[in-house]
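These protein sequence lines map, in sequence, to chains G and Z. Each residue of the first sequence is one higher than the one before, counting from 3 in my numbering. Each residue of the second sequence is one higher than the one before, counting from 3 in my numbering.
Treat the hints as calculated values from the structure; they're not laboratory data. None of these values were measured; they are calculated from a predicted model. Please note that a few of the clues may not be correct.
One copy or any two copies: either way a pair holds, since identical chains are not told apart in the list.
Pairs of lysine to any residue, SDA-like flavour, derived with a Cα cap of 20 Å [as the list claims (entries may be wrong)]:
(1) Lys477 - Asp529
(2) Lys131 - Gln210
(3) Lys477 - Ala254
(4) Lys302 - Asp372
Each chain is listed here by its residues.
2 protein chains.
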Amino acid sequence: MANGFLGNILRVNLTNETIEVEHPPEAWYRTYLGGTAVIAYYLLNEVPADCDPLGPENKLIFATGPLTGTPIAGGGRNGVGAKSPLTGGFGDSQGGGFWMAELKRAGFDHIIIEGQADRPVYLWVRDGKAELRDAEALWGRDTAVVQKMIQEELDDPAIRVTQCGIAGENQVRFACVVNDLTHFAGRTGMGAVMGAKRLKAIAVRGTQQVPVADRDEVLKLVRRLSEDVRAGTRNAALHDTGTAGGVMGLKATGGLPTRNFQEGDFEQAEAISGPTMRDTILIDRETCFACPIFCKRVVKSEAYDVDPVYGGPEYETIGSLGSNCGIDDLPAIAKGNEMCNRWGMDTISAGMTISWAMECVERGILSPSDFDGIPLKFGEPEGMLKLLEKMAHRDGVGDLLAEGSARAARHFGPQAESVTLTIKGQEIPMHEPRLKYGLGLGYAVSPTGADHCHNMHDTAFENDVASVSAFGVIKPLPADDLSAEKVRLFYYQSCWQHWLNSAVMCQFVGWTKHELLDAMRAVTGWDTSLFEMLKTGERAATLGRLFNLRVGFDDRDDELNERFFRAFKKGPLAAKWMDHKVFNRARVTYYHMMGWDDLGRPTPSRLSELDLSWAREAPLG
Amino acid sequence: MANGFLGNILRVNLTNETIEVEHPPEAWYRTYLGGTAVIAYYLLNEVPADCDPLGPENKLIFATGPLTGTPIAGGGRNGVGAKSPLTGGFGDSQGGGFWMAELKRAGFDHIIIEGQADRPVYLWVRDGKAELRDAEALWGRDTAVVQKMIQEELDDPAIRVTQCGIAGENQVRFACVVNDLTHFAGRTGMGAVMGAKRLKAIAVRGTQQVPVADRDEVLKLVRRLSEDVRAGTRNAALHDTGTAGGVMGLKATGGLPTRNFQEGDFEQAEAISGPTMRDTILIDRETCFACPIFCKRVVKSEAYDVDPVYGGPEYETIGSLGSNCGIDDLPAIAKGNEMCNRWGMDTISAGMTISWAMECVERGILSPSDFDGIPLKFGEPEGMLKLLEKMAHRDGVGDLLAEGSARAARHFGPQAESVTLTIKGQEIPMHEPRLKYGLGLGYAVSPTGADHCHNMHDTAFENDVASVSAFGVIKPLPADDLSAEKVRLFYYQSCWQHWLNSAVMCQFVGWTKHELLDAMRAVTGWDTSLFEMLKTGERAATLGRLFNLRVGFDDRDDELNERFFRAFKKGPLAAKWMDHKVFNRARVTYYHMMGWDDLGRPTPSRLSELDLSWAREAPLG
């Protein structure tokens, strides 16, 4: 087995209570790498297209990457996948933290969870061994309690825990998978799949070292990053103000989602900005395995009694529970964040479901009586916090809202549906397509529905050709461009993003592309290249696409909401919008660049080029 | 301007006797690099599709690469292109030597020759200056005489000369361009274009250094190669026995072209092998600019009075004038080589035209009387040598044969045509498609017609996955395979080959792909990658394709001769042949992988991906 991998995949069947270990050959590891591509491989091969995402036929995959557990910062994200209960298609999400590195150090690359337990269980993995244990006592408890109970039961405070929260138990369709309490595989409802399987948690402890091919080179890269971070020349802002550091910049450009994306320059942005957080409620900074950056926030507030054990809000949460609900009360946002983390809900989908409800009320489409009498108004935290609690527990109207905004709106009818902002059933994250046209295209074609992690953020490239010049793209392209040249950049950059997700590599560490290539070569010993890396990313995207085609998605599902084709009335982006025809043309150009036909179906020759000939004849589920 | 380039392109109009210098921006250099891609760029933009290749509208391009003139061995080949008088399509060929490095040191990246002189001239380039000079005295003289006369006239024995030989003056359709007397841009008849323009030679002298971005890194690479060569761990065989070193291996596998490709295991192979040459007629080894390998042969023989000033035969010549004519007389082959070099003819097309004639006589299709009474028989050198002389001088039947075997056969009718072995009018080189199926596909789709330099040699990869693993191709694929997997390898490898040809990089130096990437980064300072390099190669191939489509070629011209779909009667490859249907399917798979439609026409989206949107609307000539 190549360095960087253990060669062991744990397969756990909850129905039969069997545990097996599989050992694919090195070529398989090199082809599918980890994370997204591994998840897609298993879903396509093993999960029937028509199965109930919340039934026993679905499989839940936890996939590491080649760098996980090595000293290379950022390569140990928690890649979790399954058929999504939110979209009905390809489900895949990632969080940071320590759990994945611990899993690798315990001797396993991936875990496949099959079947469904008839009572709550948790999986205990320790140094090459695994067992299922009773979890009745853990059921219905807050994530911090669960983690503590497991560590006490197994008598080891160093145990790392991944779990579904109460929202997952309740099969909230946007429930997330929580690891290390403050890290979340947030999107596509993976927590609901875990809860439906009655798998409360996976506890892991490992003590072995992950082998690397060239330790000196690995340490050289690690040292360079550490020195840059220490010197403040790399990622200083991220350390200082976290992912929320960009709030004021987004407001200035008009791309800060405000009041359900009706506007883009939230007037009270400063109150919820990274610097404000730093100067008010921040009490500590945390980080992920081997990462010197410490971008994670820990906040505490007497207002709303915010518990620091659940960390602090990322930018996505600041946007979704804050500006996009019109809310400028940072402790209230921090409280919403704490509640989502305590119970295990994706803050994006949760917040977007709330902002949708607020707009419905604002427009008179719905009234508070439709929401158990809770007053819902942009800017007022009370309704937001109440709805979060109801959703997590499926209490009252929360039972409907726990289905996500697309299903809830369908319940209320066409007018309510007209103000939902979802793609393939998943709520749009906190990045404005009217600011970044390439991102809008990315939302539309992402295999997971609207998703900022399977995408590109093209404003960055407008200012920084250096970051994509390794692909041979050497001309700056404006953010408000969807020409074929821009689609080319999007094609390359989205393949790169899918590679990052397959390597479970954080996009925030600030490694250059060549440093990541060097890291791959140093860890695995493979003679790999940026070419192979991009092709691996393309393979991952194509596998996700195939899964979606099999469940019945087609090109009509690659659509961006009508709202994004209409101009803002005011603000920096006023009178700017994407032309729908240009967008449609760009989408087909992307299909073609991906080797897909006019309807977005991968062609046999591209499947062969991606070493996926088997997928041409793979069972349709 | 980026390091590695001068930023100066010399444009010489022979009709008007004007000389201009152009300065494209750095982005242009990065997009088209040099060699093949630069040539294709100019042909597509400036040469009318329907122009006479031997008329004034054709343009003759001499294109260096980014590494030319730096200490990186192999990066200074003489890339010469024009609309080909042999194929009527994309003409492009390369030779080694010193002239290109001298051109770069004289301050120019490329030379574009336009128009037609009304009397013989030569171009004199020295340190940023250029002038046209009278060449009446040089006309009709042997290449060695011409080089000496120019050096004496300009009073500098260090002057480097590129020239067309007597064959070029006579517009022999497979005349080559000769530089430094023993290096040849052999294929597609570039010497005839030069001769038709009455440009006898280009003499160059330069004294400036080519700038490099990271001198230490460049020297590190250079030292590593030198040490490996000195230690005999890299390219030892190539130094010892030259490109003819593989003769016995090819005979053993049945892939040594014998008697016009009727057989593949020439019984007297040992007599014409690299070791035999080394032990008999070899008197010295020569090399190219900055290259420590010294793979070039210098031979001398009293038999046939072989003049060592013209070097010695490469493998292609050993095959084309030797085994493929059934000839085992090494001094006779060396004499044929000397004659071709003295007068400037491509030994492959010349030899293949002769072997075609020999087979016509053997089969009774034609008789010696059709060839001025010269006895033509496989195995007998006399006819071969006589025909070479007649072709170069267009004497008697040589006037017809100087048109190449395809046109000559057409003159004699269908039976004679049935035994020609040409693709797009160019004769097949000395590699057997029935041994290497991917090579057969490459012959068919190469933009220059049958060509081993725009191709892959897939037996190498069967034994050496390491050489392609940087592309992510990690499974050994047999040589006799044309599955979609093999086409994928061919697609990647042929793009790589086109990159080599655009970087004017020798494929024999033995640099690994990552070393060449390191060299590119160290010389240019660009943040480039193997991804960009492969895309640049694909761009070159696509531009060549577009030029061919414009002159009227279509998918029916991508055909391999029927002979290669029939099994050998005996020898190691007996009962082995490519299935024509499998071949046709592989060809379409290649089209699709290249982003071409079923008929081999590049799609708009692939053109955009290759940053060639302009070519969608470019003039059709």
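Hints, verified against the model:
1. Lys477 - Asp529: between (29 Å within a copy, 14 Å between copies)
2. Lys131 - Gln210: This pair counts as within: shortest intra-copy Cα distance 13 Å, inter-copy 68 Å.
3. Lys477 - Ala254: neither (25 Å within a copy, 52 Å between copies)
4. Lys302 - Asp372: Neither: 34 Å inside a chain and 100 Å across chains, both beyond 20 Å.
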